[in-house]
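With chain A held as given, fit chain B onto it using these hints.
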Amino acid sequence: MEKSYAEINAKIKTGKAVVLTADDFVSLAEEKGLAAAARQVDVVTTGTFAPMCSSGAFLNLGHPAPRMKMQKVWLNGVPAYSGIAAVDVYIGATEVPEDDPLNSNYPGEFRYGGGHVIEDLVARRPVRLKATSYGTDCYPRRELETTITIDDINEAFLFNPRNAYQNYNCAVNLGSRTIYTYMGMLKPNLGNAHYSTSGQLSPLLKDPHFRTVGIGTRIFLGGGVGYVAWHGTQHFPSIQKSPDGKTLGPAGGTLAVIGDLKQMSPRWLKGISFVGYGASFAVGIGIPIPILDEEIALYAAASDRELYAPVVDYSEAYPSRTPGNMGYVSYAELKSGRIKVNGKEVPAAPLSSYPKAREIAGILKQWIEQGRFLLTEPVQLLPSPADGISGKALKG
Amino acid sequence: MAPKKIVLRFGPDISDKPIIYRLVKDYDLVVNILKANVNPQKEGTMVLEITGDQVDGGMNYLRDQGVQVQALTQEIVRDEERCIMCGGCTAICPTGALYLERPSMEVRFDGDNCVVCQLCLKICPVRAMEVKL
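Residue numbers (my numbering), protein chains in the order written: chain A, 2 to 397; chain B, 3 to 135.
Next up, chain A with everything else stripped away, as it sits in the complex (with noise of 0.2 Å):
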């Protein structure tokens, strides 16, 4: 049984593809048989919804008269990267206001961040704009304040360097104080795990070799159509192996993704901020898995039971990068609310959203049913675990 991109996009023109979400798909080949599965449906579709730090908005923001460089640029007081052409902006997810108190008083609070900015921006509220800049002879302008919303700049694209983290560290706090991590705030003693993936519903957990989530992969993003732009930074794939040499899942990999901010939605762009860490994005993500042979769906049908997360304590392990773990949990078993680290059953909670990935893996699902949403052949894929790419560690 194989299938091309050209027969799957044919039959969802013509309004007969068969779709089914991850989760449906996992039920579908634990009863029907993988074989029977994989020749009765031509796209699984996938869905997260969770932080993604590594996200951030292109915006031009147009010229004023007389023109202006905008050599500092601040959008709602936090400052905007602006070290490239006149009027273009990066407005980074984890940025923060200059006068923000940060760990000051600690835990602090980071209310509002660049996240936040892009939130404010894709709902369409107001947003302050403040620039300054040295003249020039074509840009004479030294001063701007003025508001503006997502219609009244030129252009606004996510760019989000690293995103879709295909699996992620279950954090635990083996340490006697409270610590506030991006994983949330860590009770002491094993007081509490905290996880960041949909499992079995999320995008890069189904395709662990990188079979068919490549380069101009067309996604959905943030409520809209997006794509994947390249592998994301610290794209490091691989596959998770007991001691004893079973396989537990993929690992490692992630995705840079792009797309035009003004046709997504704030209901899956959404400003956060971690207590005692910073600001952030939770960003909704959906990737659509052509089923072309029965190998893709022997991996999108993995359940909950076959994916399984690093535990990792980040008291002292983590900040001083020690490396190693204290050895796996499946999603199925930190679904269940609790786990067991180091002979202690400990209250687990996800950090990613279960409900909306659903609601995104659903509405893919529909788009493409519907015939609004093609599959795209990626114009090149990305390295995979074969390529053997592994972290560096920073001298210094």
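It is worth saying that the hints were derived from the structure and are not from the lab. Only a predicted model underlies this, so the values are computations on that prediction, with no experimental measurement involved.
Under the rule of at most 30 Å between Cα atoms (straight-line distance), these lysine-lysine pairs were calculated in the DSS-like manner:
#1 K242/A / K188/A
#2 K131/A / K73/A
#3 K188/A / K341/A
#4 K134/B / K19/B
#5 K37/B / K19/B
#6 K33/A / K242/A
#7 K188/A / K134/B
#8 K188/A / K37/B
#9 K33/A / K12/A
#10 K124/B / K188/A
#11 K124/B / K341/A
#12 K247/A / K393/A
#13 K124/B / K345/A
#14 K263/A / K73/A
#15 K124/B / K6/B
Partner residues aside, some chain B positions facing chain A, computed with beta carbon under 7 Å:
#16 I86
#17 M87
#18 G89
#19 G90
#20 T92
#21 A93
#22 I94
#23 E108
#24 I125
#25 V128
The following label-pair restraints were derived from C-beta to C-beta distances:
#26 Q56/B / L103/A: 49 to 59 Å
#27 P5/B / A36/A: 57 to 67 Å
#28 V380/A / V79/B: 42 to 52 Å
#29 A38/B / R339/A: 26 to 36 Å
#30 N41/B / E146/A: 41 to 51 Å
#31 E317/A / L36/B: 30 to 40 Å
#32 D114/B / R322/A: 40 to 50 Å
#33 E317/A / P5/B: 40 to 50 Å
#34 P5/B / M327/A: 33 to 43 Å
Positions of the beta carbon are idealized from the N, C-alpha and C atoms, including for glycine.
Then chain B, alone, in the frame of chain A:
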């Protein structure tokens, strides 16, 4: 009889009066103070769990003294629009008032179990939890 949870608000003018003492002594109520923030000449709040036959009489006494009395469930609210149902609050909430319903993994908030510790206000990434005043 199930204990009733209430929130009391004292104006600065009455915060130095022995109101809880009279509540216990005159109305024979079992009082468990879950939370108290009462200072002389300042507005104060208190969260109580009370049990007894004369709860209604006790409440009338409190109101006569100028204390605002509210059922506890009115105190912490969730902005349902804002909540993204991530679940990050569910292993932090000390009473299980915020919990995940399985298998849907939707976040539920049961105000009856909330003791207004306000931890969720601090840790909710989208700030969906609010104190209703």
